[in-house]
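Trainee: Generate the whole structure from the sequences, applying the supplied hints.
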Amino acid sequence: MRVGAPPAARRRRAVAAQLALLPMAITVIGVYLGTVLWSVRISFSSSKIFPTDDFVGLSQYLRLFNTERWIVSLHNIAVFGTLFIAACLVLGFLLAVFLDQRVRGENVLRTIFLYPYAMSFVATGLIWQWMLNPALGIQSTVRSLGFPGFEFDWIVSQDKVIYTLVIAAVWQASGLVMAVLLAGLRGIDDALWNAARIDGVPRWRYYLSVVLPQLGPAFGTAFVLLAVGVVKVYDVVIAMTQGGPGNASEVPAKFIMDNLFNRANVGLASAASTVMLLTVLALLLPWWYGRAVQSRREAAHA
Amino acid sequence: MVPTTLKHLTLVAALIAVGNAHAQKATVIHWWTSGGESAAVKELADAYAKAGGTWVDEAVAGADNARAAAINRIAGGNPPTAAQFNTSKQYHDVISAGQLNDIDAVAAKEGWDKWLPKPIVDSIKVNGHYYAVPVNIHNPAWFWYSKSALQKAGVAGEPKTMDEFFAALDKLKAAGLVPLAFGGQSWQEWITFYSMLLDVGGKDAYLKFFKDHDAASVNAEPMRKTLTALKKLHGYVDAGSPGRNWNDATAMVISGKAGFQIMGDWAKGEFGAAKQTAGKEYGCFAGFGPTAPYMVAGDVFVFPKTSDKTAIEAQHKLATVFTSPTTQVAFNNKKGSIPVRTDVDTSKMDICAQAGLQAMKDPARQIANPDMLMTPDMVGAVQDVITKFWNGNQSVDDAVKALQGAVKG
Amino acid sequence: MSHSPTRRSRVTPARLGLYALLLSSAAFFLLPLYVMLATSLKPMEEIRLGQLFTLPLHVTIEPWIQAWASACTGLECRGIQVGFWNSVKIVVPSTIASIFFGALNGYALSFWRVRWAGRLFGVLMFGAFVPYQVMMYPLVRALASVNLFGTLTGIVLIHTVFGMPVMTLLFRNYYAGVPSELFKAARIDGGGFWRIFFQLMLPMSLPIIAVAVIMQMTNIWNDFLLGLVFAGRENLPMTVQLNNVINTTTGERLYNVNMAATVLTSLLPLAVYLISGRWFVRGITAGAVKG
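For the record, the sequence lines run as chains A, B and C.
Just so we're aligned: 206 in this note's numbering is position 206 of the first sequence, and the numbers increase by one with no gaps anywhere.
Just so we're aligned: 1377 in this note's numbering is position 377 of the second sequence, and the numbers increase by one with no gaps anywhere.
Just so we're aligned: 2197 in this note's numbering is position 197 of the third sequence, and the numbers increase by one with no gaps anywhere.
Note that these hints are calculated values from the structure, not bench results.
Just to be clear, a hint being listed does not mean it is correct.
[Unchecked claim] Okay, derived cross-link-like pairs now, EDC-like style, lysine to aspartate or glutamate, Cα gap no bigger than 16 Å in a straight line: (1) Lys1275/B / Glu2045/C; (2) Lys1114/B / Asp1104/B; (3) Lys1257/B / Glu2062/C.
Mentor: In structure tokens:
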């Protein structure tokens, strides 16, 4: 057994890692940073249908926060985001745990939970709209079955329409969370369960105390995936409510899209997008700080 | 040098031959993808082929998607030969950015100044140059009604005034039917609003608001009356209307579950698909009275900037073909709209289209739709106000204030 | 190697409860599919009556045939099959490329100390949140300047770039759960950067590769706007025809054809989900440590 590789070889391997990461570096700097900076620049212009070079200071931002539709969309995204992420994580975890129990027909069940993710929301969103419409869907069907007082008209109510979006979005995304967590579960050594069983630990306790902590990274992945979905949520709104009734289910991505293409307002759309990114930045900073502290701690131990 | 000139001549001849072999290839972006629309586009493509061109179709459903595709293609240096827009101010920014070719040559040759309806000319002629070719006239504010539903409710005939219309709505409500089939989407509420402004507020109030952007007119009697009528109208739609597609609302009229719908003449496509005929199972009227204003909206094609000679030939050929009388009749009969010229054969048109064309013959009745009079940005701002007013409990005073803010721009 | 005794599933209340929960969840997930399929098998006259949950009175598979082969998507009326091979041409290289780079990045970030990598990864994560419509104009200009706008290479590049944040995250978090003794042992055995990657890490990543394939395949297969703008007329994916069938501003909507077209388009990702089962295998890492 060799004690350690010679220094030259060690340096060579680090160079290999750096070269391998070059595409990522180019993408981050050239594509993401570049376009974000460009977009911020445009938010200070009066661009209409094509980007222009002029400078109008903060007027787009002033207009943005004077637009009621934008304020509503921010409020909606907060409500939607919290409910959606929480529900998906819980449901996805439960489904993953259930499927991990060596059930019959696991392949079929897994596909059933995943298929909503495969389908274009343009069509499935319309189905949800029909199902939740009081005149057409669940409310009218249950009433016709003999429950005349049954009410389920959230989708036409200004206050409750956001919850209908949560339902449809959870239906679409939980399957993917389940898949991510299942992959994580399958990476956990079965011997741990045998040891726990011998110690008399009930299965549910085992999941809570042993498995859950080990799924940290998988939950992290799922959380980021869901968070990205929240910030970008667009298809479900377009397909189900088109932002209605009125502006009650408006979301930032729809506001941006409408102003970018439909209303020929590239300047305003860029301002809205910059505000969204600043919000994400504000939420990401604590995480970055935490990781920086952690890696400094690791370096100190190494 | 003779040999060089000969070489040059051969080269030029070869290029001409190649150019003709391509036969003015035209890539056309448009959003007509349903069955009926496809048949209509085929008329345009066939007419272009007959004139010696080659049509390369680039259909993208959804007007926003199609326009986005066209804009991005122009930005990427790979523009289509022609792109569809609505007769509106949507493409005026593209003109200011210098990204469109003008078609003054075709306009002069065909004499557009002489016979094109004024609202359309105002939209396609910018700074004295023609930048778009109109292909049809749609009226977004027709009234459709189910004859069986009206009969069931005891409504005598077509309402001839706004008061009779509301009376009919009351009768339908009493008979347990849905008085007004409605789809609660922003653009449908928008159509209902400006249709009401035209029919209740009157032509002057409409123009003061949409054309002059006059904030004072918003607080005047006609607009206030309109907003009140709009609020009243809301009481005649069913609870399931928010978010509904316009086709689903038309389906309610088709099946006799609802009495009326205010929708554009493209609704005829749905009636036709359900095998119903105008005048038999359903009726149509475009306003109240013989001098009722007829709203002019429609589609145009613009020509992205290019200096390629063959492409410019293709663009001019498209513009000429699109406005010829035979193409106009063939296309519009299939599309459900009416031709942009009145000197055409109306024998094959249904009664609604014939009535529309008749109305267009009177220039005093022609009125431009809001998209032609306001920028997309301002249209959007007003739409936001209207959708909030329609769906909420806002008072007329607050709506007036909000509208004034929107037109100040 | 760890060995679990094969447990004969006894019918216990817990087991019954488990199946009950799974089946009721399945019912919630399947309800919209039922409505979709029922609608797709009804003629339009029935659909106009608006009875969502009833079985079709007159079953017709006409909408399915129409969706595949004869629905109008513009001047052409050849259904959605037109773009099928284009979608395959786009999906296969894009999925492979984005997963490869994601795995590579995740591996390099997890096990190798590169000074600037951590910070760059943070910015990459931030990049995942940028709405891609905002990025479109500069990317159009950038690709046009290297003559890749409207080409197959261009669209594959775009998909790889947009997939990089999530793919990198997926693999990096997965490798974070891999015991570092494994890596150290491989280094001691003389493994270099690439050898460890190809011979140790990748084979061990099957479950997460399954998830990555599911995600990228689905996202790229269902992508509409990027394909529309960047792929060029010859390479337009199936989603463009699907959009043309389903979406229409003022034309008639044939809901049965729309539903059929949507289900048809989703069959490929669904097949991938079913097949991916063999990769959700248990105990690969554990086995590797013990053995």
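Trainee: Each hint needs a verdict: does it hold in this structure or not?
Mentor: Going down the list of hints, with the structure as the test:
With a C-alpha separation of about 10 Å, the suggested pairing of Lys1275/B with Glu2045/C holds against the 16 Å cut-off. The straight-line distance between the Cα atoms of Lys1114/B and Asp1104/B is roughly 14 Å, inside the 16 Å bound, and the hint therefore holds. This hinted pair does not check out: Lys1257/B and Glu2062/C have alpha carbons roughly 27 Å apart, beyond 16 Å.
Taken one by one, the earlier hints fail for this structure only at number 3.
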